[in-house]
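Visitor: The primary structure of each chain is shown beneath.
There are 2 protein chains.
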Amino acid sequence: MHALIVVAHPEPRSFNGQLAAIAADTLRAAGHTVEISDLYRSRFEACEGPRHYPSRLDPDLFDTQAEQRHAADHGALPADVAAELDRLLRADLLILQFPMWWFSVPAMMKGWVDRVLVYGKTYTSRMRYDRGLLRGRRAMLSVTLGGPEPTFAHNGRNGDIDLLLWPMNMTLSYVGYSVLPSFTAFGVFEDGEESARRLQRYKDAYRDRIAAIDRAAPLRFNGWDDWDGEGRLKPGVEGHSLFMRATP
Amino acid sequence: MHALIVVAHPEPRSFNGQLAAIAADTLRAAGHTVEISDLYRSRFEACEGPRHYPSRLDPDLFDTQAEQRHAADHGALPADVAAELDRLLRADLLILQFPMWWFSVPAMMKGWVDRVLVYGKTYTSRMRYDRGLLRGRRAMLSVTLGGPEPTFAHNGRNGDIDLLLWPMNMTLSYVGYSVLPSFTAFGVFEDGEESARRLQRYKDAYRDRIAAIDRAAPLRFNGWDDWDGEGRLKPGVEGHSLFMRATP
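Chain order of the listed sequences is A and B. Anchor point for the first sequence: position 165 equals 165 in this note's numbering, and the numbering is continuous, going up by one each time. Add 1000 to a position in the second sequence, counting from 1, and you land on the number used in this note's numbering.
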């Protein structure tokens, strides 16, 4: 198996950096190969936009998906995106490593999603969700959080962590990945001995999780056969979206 | 009233640009003053990180919140952030205008959040949520979506739009804003006459919404008095988080 670990943290010696190293070491020890894409180190340009497309389909009006598709079809993807996409397409397993900032991913990680999940290369209008072009591969999120775990509970002040991560997991599923349960480490900003012990426990747990990754059961998502022509769940079909647990 | 409209779309002539102009025109016609911050036009640097802090609290290990607080306390915020923050602090009303990309905001908008909602200026560990430093001000999201409206319904394949926008609305609430209901325009990428008529209806509806903004009731959020020492909702207190509609 070949794995790609994408890291979006401004400090290489951060707990995020340590978790990425644990994943890489553990996978390599099991005989797998690993690449790490450290987006801050490579100064990845996070914001999708016209400056990345010198040769435009429509020079007058920038439409992101149209320009991505045009560049993909003509071998004219931006060089940084083409390199990241090559890495992505080489990998059977993708791990996205990031800190939660403002109930979501840092701009750097979102920019990787916006630019590298190229229309025409990772999905098309007909090939997405369970028909996404990356189907057959696996992906997971590994996330650090500043707040303590109870604040991310169902009734916690920061909100249910599984629901907070659902948009990113939907994104991975949209391009076809089998999405494994996320790894979450809470309270990483706290000082003191108790915190140090907790961080060590998280590192041990992450090593165990990665070592057993071949046996992890993916999250369930609905697919094209489950939706009607308008994109709503057909009557009688079980909804797997975590958002569907919410009564409207 | 003074309003700030922050726009994160790579194309000035996009529907996002048109909605921003409608909001500005409507507010000015009602006697208010308006600033527009077009993040793509100003080439805003989206990714928070060490390169923005030449004078560091800790030159060896970059901690985002610690460096933001240190810079805020010593008048050493990055110039672009200081300018955006001045605009923000001048405004009684904040409108964030963006397209939904990958079930969330574009990296450019997320970067504005990551960098401009400065620790020490918009919130502190004691002054956040209903005690956030921007309390007494109002904010709203105005969002365009490529997919048709039914796909963003409770049982739609893209997921409940209110839940998708909840992390951004939580962010606004965290720094103290009274958060108004979001404006959403669906199916903006579709071609044809029917689509053109729908976009015109959205523009009319947005003009009406902005004209009546003084009468809009804010969304409800829980506050410090509602949570116990661990950050969980106290027994008997009604939960206002949309995520709490989801049964664990």
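Calculated directly from the structure, the hints in this document are not laboratory data. Here a beta-carbon is modelled for each residue, glycine too, at the ideal position from N, C-alpha and C. Treat the hints with caution; some may be incorrect.
Capping the alpha-carbon separation at 25 Å, the derived lysine to any residue pairs in SDA-like fashion look like this [claimed, not checked]:
{"#": "1", "chain 1": "A", "residue 1": "K203", "chain 2": "A", "residue 2": "R51"}
{"#": "2", "chain 1": "B", "residue 1": "K1203", "chain 2": "B", "residue 2": "A1030"}
{"#": "3", "chain 1": "B", "residue 1": "K1203", "chain 2": "A", "residue 2": "K234"}
{"#": "4", "chain 1": "B", "residue 1": "K1234", "chain 2": "A", "residue 2": "E190"}
{"#": "5", "chain 1": "A", "residue 1": "K203", "chain 2": "B", "residue 2": "E1230"}
{"#": "6", "chain 1": "B", "residue 1": "K1203", "chain 2": "B", "residue 2": "M1001"}
{"#": "7", "chain 1": "A", "residue 1": "K234", "chain 2": "B", "residue 2": "W1102"}
{"#": "8", "chain 1": "B", "residue 1": "K1234", "chain 2": "B", "residue 2": "A1153"}
Far from chain B, by Cβ distances over 10 Å, these chain A residues were calculated [as the list claims (entries may be wrong)]:
{"#": "9", "residue": "R13"}
{"#": "10", "residue": "S104"}
{"#": "11", "residue": "A107"}
{"#": "12", "residue": "M108"}
{"#": "13", "residue": "P148"}
{"#": "14", "residue": "N158"}
{"#": "15", "residue": "N222"}
{"#": "16", "residue": "R232"}
Visitor: Sort out whether B/A1153 lies within 25 Å of B/K1234, counting only the CA atoms.
Guide: The hint is violated at about 31 Å.
Visitor: Report holds if the minimum CB distance from A/A107 to chain B is greater than 10 Å, and violated otherwise.
Guide: violated, 3 Å
Visitor: Is the claim that A/R13 lies outside the interface with chain B correct, judged by CB distances over 10 Å?
Guide: violated, 6 Å
Visitor: Compare the distance between the alpha carbons of A/K203 and A/R51 with 25 Å, and conclude whether the hinted pair is satisfied.
Guide: violated, 40 Å
Visitor: Mind verifying the non-interface call on A/P148? Its CB should be farther than 10 Å from each CB in chain B.
Guide: Label violated. Min Cβ-Cβ 7 Å, cutoff 10 Å.
Visitor: Is the straight-line distance between the alpha-carbon of A/K203 and that of B/E1230 25 Å or less?
Guide: holds, 24 Å
Visitor: Taking C-beta pairs only, is A/N222 more than 10 Å away from all of chain B?
Guide: Not fine: 7 Å to the nearest Cβ puts A/N222 too close to chain B.
Visitor: Does B/K1203 pair with B/M1001 here, judged by a C-alpha cut-off of 25 Å?
Guide: Between B/K1203 and B/M1001 the Cα gap is close to 22 Å, so the pair holds against 25 Å.
Visitor: Regarding the pair B/K1203 and A/K234, is the alpha-carbon distance no greater than 25 Å?
Guide: Violated - the C-alpha atoms of A/K234 and B/K1203 are around 32 Å apart, more than 25 Å.
Visitor: Taking only the CA atoms, is the gap from B/K1234 to A/E190 under or equal to 25 Å?
Guide: Holds, because 24 Å separates the two Cα atoms, which is no more than 25 Å.
Visitor: Is the nearest Cβ of chain B still more than 10 Å from the Cβ of A/N158?
Guide: violated, 7 Å
Visitor: For A/R232, is the shortest beta carbon distance to chain B beyond 10 Å?
Guide: violated, 5 Å
Violation of the numbered hints given earlier is confined to hints 1, 3, 8, 9, 10, 11, 12, 13, 14, 15 and 16; the remaining hints are satisfied by the structure.
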